[in-house]
Amino acid sequence: MLGMPNMNNASAASDEYEVIGETQWQILENKVDDQVIKIFGYKYSKIRAAVFHFCCIILCGIPYFALSYYPTLNRFKYLKCSLKTAKEICVMDGEKSFKMEKVHEIDLNLSNHKDNKLRYFNFQHTRYIWINDQGAFINVLALNEKLTINLLMENMSGLNKRQQNELMKLYGPNSVEVEVKSYYTLFIDEVFNPFYLFQVFSIILWSLDEYYQYATCVFILSAGSCMLALYQTKQMSINLHKMAGSTSACMVTVLRGGRERSECVASACRLVPGDVLVLPPDGCLMPCDAVLLTGSCIVNESMLTGESVPVMKGPPCPSQEIYSTETHKRHTLFAGTHVIQTRFYGNNQVLAKVVRTGFYTAKGELIKSILFPKEFDFQFYKDAVKFVIFMFCIAAIGMAYCIWLYVQRGSAVGTIILRTLDIITIVVPPALPAAMTAGIVYSQRRLRARRVFCVSPPRIIMCGKLQAMCFDKTGTLTEDGLDFYTIIPTNEGEKFGRKVDDVSSLSVKSPLVQALASCHSLTSIQGELKGDPLDLKMFEFTQWVLEEPGPENTRYDNLTPAIVKPATSHNEDLQDLDNYDPFTMEIPYEIGLLRRFHFSSSQQSMGVIARVLGQPSMVYYVKGAPEKVAGMCTPTTLPENFSSVLTEYTSNGFRVIGLAYKKLDRKMKWVDAQRLKRESIECDMTFLGFLVMQNSLKPETTQIIKELHEAKMRQVMVTGDNIMTAMSVARLCLMVQPHQKLVLITLGQPQTLDQRPPLCMEVVGEGCQPKLPLDAYVLALEGKTWAALRTHYPEMMETVVDRGGVFGRFGPDQKTQLVAALQARGLVVGMCGDGANDCGALKAAHVGISLSEADASVAAPFTSQEQNIRCVKLLALEGRCALSTSFAIFKYMALYSLIQFFSILILYNYYSILGNNQFLYIDLVLTTLLALSLGRAGPGGKLCARSPPVSLVALPSLLPLTAQVLLVLLLQLAALYLLHDQPWYTPVVGGADVEIILCWENTIIFIVSAFQYLVMACVYAKDYPFRQPFCANYQMVAALITQSVFVTLLLMCPWSWLADYMEVEVFRTEQPQQNMFRVYILLIPLLHLILAIAIEASLSEVKQLSSFTGLFRRRCDKAHDVEQPLYPTRDIASRDNAC
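The opening position of the sequence shown corresponds to residue 1 in my numbering, with each subsequent residue numbered one higher.
Read the hints as simulated data drawn from the structure, not as lab findings.
As the structure is a computational prediction, the values presented were derived from the model and not from experiment.
Backbone N, C-alpha and C define an ideal beta-carbon position, used for all residues, glycine too.
Incorrect hints may appear among the rest.
Straight-line alpha carbon distances no greater than 20 Å define the calculated PhoX-like cross-link-like pairs of lysine-lysine that follow [stated by the list, open to error]:
#, residue 1, residue 2
1, 38, 80
2, 628, 771
3, 565, 537
4, 117, 87
5, 77, 87
6, 102, 77
7, 181, 169
8, 741, 712
9, 1022, 942
10, 46, 102
11, 663, 677
12, 117, 99
13, 741, 706
14, 38, 84
15, 741, 698
16, 146, 386
17, 509, 565
18, 628, 706
19, 706, 942
Taking CB as the label site, the calculated pair distances span [unchecked claim]:
#, residue 1, residue 2, range
20, 1066, 980, 12 to 22 Å
21, 762, 267, 43 to 53 Å
22, 216, 980, 29 to 39 Å
23, 216, 38, 27 to 37 Å
24, 45, 973, 52 to 62 Å
Using the sequences and the accompanying hints, generate a full structural model.
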């Protein structure tokens, strides 16, 4: 039974580990979230630990700080050993994360467990236990992964107290609590971030250099940023804690087995797999995942699926089928979902058996996916790290030059250290990370104003490089609800009859009307019908009413949960006077719903066993996918034009449902109906007709799809709906262009069991096989075809992923597989869905956009309150803007660092240095103001086919950046050369500790470099069409104008008080030559602006760069052709003849 797992036969077949000697490492695979981890056995070494701590103390504690960023250093304190004897487990997730987990050992006394000890470790809220016979760790979930339905339904008495206590040790408490860390813990984690450590280092260095103003400003900004980060992290932790909820804190009623079965009230946190719950009639909040054993429940699963429509659940049919929470979700109550009410027959209780607890439940897996999100490597961030490392290398060169210069002068050691370390804070500015996030912060604000919310701001930049966008259909591209269109009844098994738009034209006693009124999962909650929108529309068409009998109703001996009957009976005699005696004439025309087989994605249908009051036999009605229903029917009952009519409606975007019925054996009793399997009666049925529903496109869909096409962004439809309907919708919304041809790939029937199923390919609309290679078509296929391709045709997967455009009948796992397959092709992939069954794909995609506000959408980085795909265009525009802005700010900050780097080294060479007020103006006013103004640029109004560059180390990025750096250095040297060429110039008299601020070298370098910051900001402010035109960024224009006027004032005619404050040479009217020189200096920034714009225009654009390199190649080829002999050599002639 469940809860008493056979630990000796638990399989670890999916794990890879050494088989010779004792295992020292192992690979574990978590099938739920596709996580693969590698574990190693370790033991703590006191000697190694003592040496490690001694080295840390000698190095002033620096290694302790390094541990927060490089946790792999912890391994030095441990010795490798076998997993069997390990006291610590080293867990490596991929190539990045590293964590040491303690191995726990407790007493365990289970009847089928040979050892009396249990060894286990926990990683990311998942427990892995040691199986001694296999010499390996396995996920504790693997103990119950091969349970059959029969095994689950066998024991309904529950566990005894001793079994429950021992299983509690094995599985742990039933809790999904998320710890809310204290501010102190969060502060320690935040401060150990390399960014804040570098800030602290810079503040200390500036304070020692008496640069108190900027040090104070940076301290205030850093402290504010740190406190804001702490507050946001704390709030997110609190919100997640609230979302996780305290469902395990409630009390539940469980059955306790033993000599006599008894009920007891226990805390939900002590539930274990195998416990049998007694569900109260007025419902409850589920504290665990449990499979229904008896009775039925009405459940609100909006927390998991995003759908607020209540669903009805019942017990599974006994079978040897392996139980799975995904396959049997119609029989499973999930943790965190709200059971609205329970229903039972007679005096029986509604029982459910616990199958998963704690973080192993559906809710627990959702919380884990949020706590431990999948990390993505984005090219921009990787290149940014490389660039910063490169800047550190430049800083090292500058430091070496600085040391050589000051040592040669004989300066004091303190001065040498200060000036040398100052180079680091100049080349790698502490304000770089803050400036880099400016564009993202502004984009996030604009998105919030447009009702698009983001929980992962770095993903906004990824939106700028979206290459493929996957869309769910229903509720995303089309309206959420379905509208009734028509009924198409059969006509004596020959052909379909006329369309029926009014129920009054059908006989109220016809099997078709009975099927429409009975075959649904609707329920009445507080007098209002609730259920699937399709069922609601279908039932409203019949104009019948649903009554659910209360406890006092004895018409069906408490065995019928509901009845349906016509709302009025005056249009037609409901009694047949020839067949009924006076006693039976009083019996009204009603249909009792005896048992419902709820919709199953694997069955693609639902059914109901019903009985017309007064009739001797029961009837089974079924509705579902037309192809599935047709397979259940006798071929003679199917109309001749079945396929043509079905194709006609589905190809025009309608949702078509097939209906059928079957009279059951008269001897069948109610008890028999509750026990039989649906497969046994879903044969030899009579086909009734089609129910046609209309699912119209949302008004915004077609225009947005068209704009995404123009932006060269690939669109893919992936839906659980019919493939024909999906292809039709793809045509209607122009996802598949009019000139493109669709090829539908289906599976044929294999000749033998061992043979792989053959593939059938048909050009939709032409009825023939494709004549061109598959690369020339857009491919469409169903979920079962996808599964067969992955298993039997792996060589075709590349083509299917590259050319696939429409994917129908896809389950949640297959949607995730498709997203992962597109990512494996090197694409940046987005997924847009309404939250229902899309959670896995939303989490897996680089850019997941949920159109649902349910708790499940917390796993998606983006949530839109507007229920349409306009948010996709908005995110693409904002993403391109944020990426372009971050790119521009990074280049600007790099130029700012190098401009100041050159300025400082030049001034060091002339016994001068920038003053504190000059540093303050450059660092705080000029750079910070301009960087923030750059970030305020809004997105362009239209998506273009070109996307912003993403690589900082690509040639179109490096070449203009290098040219700008050389230009900056050249102009600073040119200004100095012009200064030295003046007849009135007098050089500074140097010395060992001479550092003069007020001199002409300082004034010229300061003024020229200030203009250079302004010029570079002006150059990088332009990036249309990804951002608004330069003139539209009013803050940027105002900052450039005001600061240009101020710097010009400092150069041309500064007032004496202003010159003294900024420590520049004052304007002297008695020195006309100096004043004329100031005019000459003013020409340098004008020349710089012209040349800088020319560099960006000619070298940064890929087209211009390609044309330039192409021209260079042509000239080289032309020169090469001139050197060719008049007559070709034998090799060239033979090659030409061969061509």
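Numbers of unmet hints, in rising order: 2, 7, 12, 15, 16, 18, 21 and 23
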